[in-house]
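So the chains spell out like this:
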Amino acid sequence: MLLGIIFALIAGSLVGLQNIFNSKVNEHAGSWATNVLVLGLGFLASFTLGLLFEGKQLFRLHHMQTWYWFSGVIGVGVVTCVVQGLKRLSPTIAISIVLASQLGFALFLDSIGAMGLKPVPFTLKELLGVLIIIGGILVFKFSGQQESQQSEKAS
Amino acid sequence: MKGILFALFGGIFITLQGVANSRISQDIGTWQAATITQMTGFILAVVLMVSFRDRTWQNFKRVKPMYLFGGTFAAVVIFSNVTAIHKVGVTLTISALLIAQLSVAFLTDTCGWFGVTKQRMRLPQFIGIGMMVAGVLILSM
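So the protein sequences, as listed, match chains A and B.
Numbering follows the working numbering, in which position 117 of the first sequence is assigned residue number 879; successive positions increment by one, without gaps.
Numbering follows the working numbering, in which position 92 of the second sequence is assigned residue number 107; successive positions increment by one, without gaps.
Hints may contain errors.
Said to hold, decoys possible - Listed below are the simulated DSBU-like cross-link pairs for lysine-lysine, each with C-alpha atoms no more than 35 Å apart in a straight line:
(1) A:K887 / B:K79
(2) B:K133 / A:K880
(3) B:K76 / B:K133
(4) A:K818 / A:K880
(5) A:K818 / B:K133
(6) B:K17 / B:K133
(7) B:K76 / A:K849
(8) B:K102 / A:K786
(9) A:K786 / B:K133
(10) B:K76 / A:K786
(11) B:K79 / B:K133
(12) A:K880 / B:K79
(13) B:K17 / B:K76
(14) A:K786 / B:K79
(15) B:K17 / A:K849
(16) A:K887 / B:K76
(17) B:K79 / B:K17
(18) B:K76 / A:K880
(19) A:K786 / A:K880
(20) B:K17 / A:K818
By construction, these hints were calculated from the structure, which means they are not laboratory data.
Small disclaimer: the values here were computed from a predicted structure and weren't measured.
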């Protein structure tokens, strides 16, 4: 269990860094061009590491199903929805909704055992855990917002 | 209202991406799944960029070179995410991922990394992260 959590923490730290880097790119370039750069480099990196670890095995796609070829659509959906949400709402509200929705949907997929997941029964424990985490996001995000407004006024 | 819907679907897509990758990797392997999802996403993004006539890639040279390489993290992100989902399920994976993500944002703000305006650490942020860690502990019990 610990190993799984460590992997999730690594992924989360890199996602956090990537968000900062991508927004720096987005300051100068449009969102479609940013999308192309981010996904293009993601592809190059995955392909290189895949070749390194798997060699020729990387090209052996035995149990390929048709919808796997369209999974990239989800990635474009992520970038588009998050960017549009951020454009229309304040960053604090937008990101809080994104994070809460991520967690809520995870709980839903886990409890119905979607896409070959082992179903995790939805109990009071799950509900409590997720509500406390969402509460934590709100405390974290909304107090941060006040702080930045105060420092803007001060400067 | 439209903004709220976009943000909601943004979150749903992020989770869906992890689960879809984890499903695909069971059949064809994790690196294969990462390569294919990034490749097809890249192709779609190129098509959209061309059809919306976005020529702003010319401005990439004005971005500090380091920031251009954020995309490469995706390989490690997908591998770690898929491995975590296989080991501890979606809810716990996403919860731990959120904590790490917010901690990086918090450290960036308080240390003023990457040219971000430095902000003082305040009690509510510690309480927020504390609550999130408590929630993850409850989920993993």
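- Taking each numbered hint in turn, which are not upheld by the structure, reported in ascending numerical order? Hint check: 1, 2, 5, 12, 16, 18, 19 and 20 fail, others pass.
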